[in-house]
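Peer 1: Listed here are the chains, written in short residue letters.
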Amino acid sequence: MQNEPYLRRMGIFGDYEQDLSSLLNGLYRELFELFPRLTRALVFHQWEWDVYRKKVKPADYTSHYWRLRRKYEGVSSKDPRDSAPLDPAAHVNLIQTPAQNIQPLIITIVKYSVFQSLCGLAEVANDLQFEGGIDSGLGNRTSSDPKSINLQTCDLFGRNLVGERVSDFIKSATKLPPRKSLQFIFGGDFNLTYLDVSPVLNYFQPLFTYLKETNKRRELPVGW
Amino acid sequence: MTEEALLNKSPTPTDYWIQSTFDYTASEFGKVLDSIWTQVAPLYKEFHAHLRGELRFLWEVEGISKEGPIPAHFFESPQSPTTPRGCSVLYEATRPYPTKHHFDLTAELHRRRYAPIAMATLADDFLTSIGFKIVPASFWSDSIFRKPGTAEQEFNCTPRMFQLDAKNEFRLSLCGESDERTLVAINRLMIKGALQSALGNESFLLRHYANPRESP
Numbered sequence: 680m681q682n683e684p685y686l687r688r689m690g691i692f693g694d695y696e697q698d699l700s701s702l703l704n705g706l707y708r709e710l711f712e713l714f715p716r717l718t719r720a721l722v723f724h725q726w727e728w729d730v731y732r733k734k735v736k737p738a739d740y741t742s743h744y745w746r747l748r749r750k751y752e753g754v755s756s757k758d759p760r761d762s763a764p765l766d767p768a769a770h771v772n773l774i775q776t777p778a779q780n781i782q783p784l785i786i787t788i789v790k791y792s793v794f795q796s797l798c799g800l801a802e803v804a805n806d807l808q809f810e811g812g813i814d815s816g817l818g819n820r821t822s823s824d825p826k827s828i829n830l831q832t833c834d835l836f837g838r839n840l841v842g843e844r845v846s847d848f849i850k851s852a853t854k855l856p857p858r859k860s861l862q863f864i865f866g867g868d869f870n871l872t873y874l875d876v877s878p879v880l881n882y883f884q885p886l887f888t889y890l891k892e893t894n895k896r897r898e899l900p901v902g903w
Numbered sequence: 170m171t172e173e174a175l176l177n178k179s180p181t182p183t184d185y186w187i188q189s190t191f192d193y194t195a196s197e198f199g200k201v202l203d204s205i206w207t208q209v210a211p212l213y214k215e216f217h218a219h220l221r222g223e224l225r226f227l228w229e230v231e232g233i234s235k236e237g238p239i240p241a242h243f244f245e246s247p248q249s250p251t252t253p254r255g256c257s258v259l260y261e262a263t264r265p266y267p268t269k270h271h272f273d274l275t276a277e278l279h280r281r282r283y284a285p286i287a288m289a290t291l292a293d294d295f296l297t298s299i300g301f302k303i304v305p306a307s308f309w310s311d312s313i314f315r316k317p318g319t320a321e322q323e324f325n326c327t328p329r330m331f332q333l334d335a336k337n338e339f340r341l342s343l344c345g346e347s348d349e350r351t352l353v354a355i356n357r358l359m360i361k362g363a364l365q366s367a368l369g370n371e372s373f374l375l376r377h378y379a380n381p382r383e384s385p
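In order, the protein sequence lines correspond to chains L and U. In terms of the numbering used here, the first sequence opens at residue 680 and continues consecutively. In terms of the numbering used here, the second sequence opens at residue 170 and continues consecutively.
None of these hints come from the bench; they were simulated from the model. Ideal placement from N, C-alpha and C gives every residue a C-beta, glycine not left out. Mixed in with the good hints, there may be bad ones.
Stated by the list, open to error - Pair ranges (Cβ atoms, derived): (1) Ala738/L with Ser189/U: 28 to 38 Å; (2) Leu176/U with Gly866/L: 36 to 46 Å; (3) Asp739/L with Ser234/U: 21 to 31 Å.
Stated by the list, open to error - Residues from chain U shown here face chain L by an in silico Cβ test under 10 Å; the list is partial: (4) Ile187; (5) Thr268; (6) Phe295; (7) Leu296.
Using the sequences and the hints, build the whole thing.
Peer 2: Next comes the structure, spelled out in structure tokens:
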């Protein structure tokens with residue numbers, strides 16, 4: 680994730696002109712980091728759970744793994760792997776941290792939603808400052824529409840409220856399950872699931888629109 | 170882990186871990202994951218379609234079918250199966266606007282010879298501006314930001330944060346360069362240090378790091 684105001688403060692982004700094509704290239708580059716974490720985590724989690732639940736026989740371990748990879752990643756093996764050795768064992772994570780391989784997915788999604796909610800806080804604080812300041816006409820909004828928050832341009836610098844929320848969260852996080860402690864970040868009225876994907880999708884919206892259009896234009900089939 | 174799960178009367182380690190960490194049952198959690206997947210899948214499928222199209226064009230082989238899954242060996246390296254093969258190589262070859270670049274942070278930092286310690290200073294400015302404690306002077310004098318010694322001397326370059334006590338005392342140790350990786354590592358560790366210090370008044374048992382993936 681690149682945050683422009685922060686880079687400006689570093690004195691870096693100032694003379695750089697971000698146009699749509701470099702923005703899309705940048706987002707595309709970030710997808711390479713995002714997707715292995717999400718899809719791989721789903722494959723590992725599902726495979727492991729099925730193994731623990733004894734839903735698959737030991738003889739089918741490898742083929743079940745490739746079935747899941749095909750389902751979630753759209754990736755196939757070069758050769759048929761039916762009687763092959765245990766392929767999933769090649770993954771270090773699967774061996775070292777049993778039962779916890781869904782973590783990358785959770786962390787990634789929560790990262791975006793936490794950032795979005797903090798940006799929302801910062802915007803509200805911004806509006807309040809306007810209300811008390813010279814131009815009180817601008818400060819009509821009391822809460823921001825999450826869709827309008829741009830994670831690339833949101834500036835958290837000097838927002839005390841953000842710091843307070845984060846330290847409240849971190850103090851409760853060691854005592855409560857994340858579902859409860861994350862309420863300190865998302866606000867009190869938060870009682871749905873915290874695994875909300877929409878911040879991720881919002882962030883990649885420009886690229887999604889672009890890919891959808893070009894894939895259609897180039898008649899590239901979607902799916903597998 | 171399996172034993173721990175059985176002793177806690179959970180059918181599988183996965184159930185046990187999910188129950189104890191997220192306060193969900195495994196089947197509820199499965200539904201959450203399903204809904205995540207259905208929401209994310211459209212984006213992934215467009216990405217996948219674009220990548221497949223570009224790879225077919227690039228390799229000019231019959232190995233990649235037009236609408237089937239991508240063979241795994243085009244996608245990942247055998248050395249590290251968890252990251253796609255040379256992520257940056259794939260990016261360079263298939264990016265949407267081949268004549269244009271993205272905003273290259275590493276190049277910019279390198280061009281300006283941005284010192285790792287300056288990155289840490291700004292991170293500290295940010296953290297104090299939102300209300301965290303300012304780091305003591307000893308942090309700046311005793312942390313290691315660049316690889317010490319001569320080039321031949323061995324040094325553990327893994328970026329690390331050491332917490333010295335329950336107060337605001339911590340040190341960084343990393344072999345910083347003027348690049349994006351250093352910037353990310355420094356910011357991550359500074360935040361980690363600040364959060365860890367925010368827990369200073371809690372009792373020892375409650376001072377572990379909230380994110381289990383990050384535990385020291």
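Peer 1: Now look at each hint and say whether the structure bears it out.
Peer 2: Hints and how they fare:
no., hint, verdict
1, Ala738/L with Ser189/U: 28 to 38 Å, "holds, 32 Å"
2, Leu176/U with Gly866/L: 36 to 46 Å, "holds, 38 Å"
3, Asp739/L with Ser234/U: 21 to 31 Å, "holds, 25 Å"
4, Ile187, "holds, 8 Å"
5, Thr268, "holds, 8 Å"
6, Phe295, "holds, 6 Å"
7, Leu296, "holds, 8 Å"
Violated hints are absent here; each numbered hint is respected by the structure.
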